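**Student:** Sequence:
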Amino acid sequence: MHEPDSSDKIKETVQVMKQKDPRKILIAGIGNKIMRDDGFGPRVIELLSSIELPGNIDLKDYGTSGIYAAFDLGDYNIAIFIDSMNIEGRSGELKIVEIDREKILGDDLRIAEFSLHEAGLEALLKLSKAIGTLPSRIILVGCIPKDISLSLELSEEVEQAAHDAVKIILDMIMNSR
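Per the working numbering, the very first residue in the sequence shown carries number 1; after that it's consecutive.
Keep in mind the hints are simulated off the structure, nothing from the lab. These numbers were taken from a predicted model, which means no experiment stands behind them. Glycine included, every Cβ here is placed at the ideal spot set by N, Cα and C. Check each hint, because a few of them may be wrong.
Said to hold, decoys possible - DEER-style ranges, computed between Cβ atoms:
id, residue 1, residue 2, range
1, Gly-55, Glu-88, 22 to 28 Å
2, Glu-102, Gly-74, 14 to 20 Å
3, Asp-58, Gly-89, 25 to 31 Å
As the list claims (entries may be wrong) - Here are the computed lysine-lysine pairs in the BS3-like style, where the Cα-Cα straight-line distance is at most 27 Å:
id, residue 1, residue 2
4, Lys-146, Lys-95
5, Lys-95, Lys-9
6, Lys-60, Lys-95
7, Lys-60, Lys-24
8, Lys-126, Lys-33
9, Lys-167, Lys-33
10, Lys-129, Lys-24
11, Lys-60, Lys-9
12, Lys-95, Lys-33
13, Lys-129, Lys-146
14, Lys-24, Lys-103
15, Lys-126, Lys-95
16, Lys-167, Lys-95
17, Lys-103, Lys-60
18, Lys-33, Lys-103
19, Lys-33, Lys-146
20, Lys-103, Lys-146
21, Lys-9, Lys-24
22, Lys-167, Lys-24
23, Lys-167, Lys-9
Input sequences plus hints: build the corresponding full structure.
**Tutor:** Written as structure tokens, this is what we have:
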């Protein structure tokens, strides 16, 4: 296992983020920790938990019960979901998808095509929109798994991707101010 990255770049990014930022941001991990690379989302939350983040950023590990996030989303301007993605590509490859709020209740929302928790994430967003808790910005940070067999350890590729995702998420938040 890698230790959380404590590079000067991450420390500098966090310091800039701690400046007054009125946005409330949820970073939500989704995944099953006992299914090897499906634990990508919870692992990223674990790594982010070791960093002192500003008070406007909340970290939550929803595990395989992401649907419950629908009731929390109303408190946030931005929601960043972290999950494994069932798409073609190289194991450990990261994908960033900005989800169009206008397509959430329509037939154009195609989360089911790439999320390992297709019913959960898609249902969560549709429920959130229906009950009026949908944030103004929704982002999915996904990782292509190598192995989703029974295990508590991520594959080497996905573990590295979890560390890379931490940097990407922090940069994304800082650069979208």
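**Student:** Please work out if Lys-95 and Lys-33 have their alpha carbons no farther apart than 27 Å.
**Tutor:** Status holds; Cα separation ~20 Å.
**Student:** Are the Cα positions of Lys-146 and Lys-95 separated by 27 Å at most?
**Tutor:** holds (15 Å)
**Student:** Within 25 to 31 Å: is that where the Cβ-Cβ distance between Asp-58 and Gly-89 falls?
**Tutor:** holds (30 Å)
**Student:** Can you confirm whether the C-alpha distance between Lys-103 and Lys-60 stays at or below 27 Å?
**Tutor:** Judged against 27 Å, a Cα distance of about 25 Å means the pair holds.
**Student:** Verify the proposed pairing of Lys-167 with Lys-24, using a straight-line Cα cut of 27 Å.
**Tutor:** The hint holds at about 19 Å.
**Student:** Given the proposed pairing of Lys-126 with Lys-33, does the C-alpha separation stay at or below 27 Å?
**Tutor:** holds (25 Å)
**Student:** Compare the distance between the alpha carbons of Lys-24 and Lys-103 with 27 Å, and conclude whether the hinted pair is satisfied.
**Tutor:** Measuring from Cα to Cα gives roughly 23 Å; hence the hint holds.
**Student:** With the threshold set at 27 Å, check whether the alpha-carbon distance from Lys-95 to Lys-9 stays at or below it.
**Tutor:** Status holds; Cα separation ~22 Å.
**Student:** Holds or violated: Lys-129 and Lys-24, Cα atoms, limit 27 Å.
**Tutor:** holds (18 Å)
**Student:** Are the Cα positions of Lys-103 and Lys-146 separated by 27 Å at most?
**Tutor:** violated (30 Å)
**Student:** With 14 to 20 Å as the target window, see if Glu-102 and Gly-74 comply at their CB atoms.
**Tutor:** This hint holds: roughly 18 Å between Cβ atoms.
**Student:** Does the Cβ distance between Gly-55 and Glu-88 fall inside 22 to 28 Å?
**Tutor:** With Cβ atoms ~39 Å apart, the hint is violated.
In this structure, the earlier hints numbered 1, 13, 18, 20 are contradicted, and the remaining ones agree with it.
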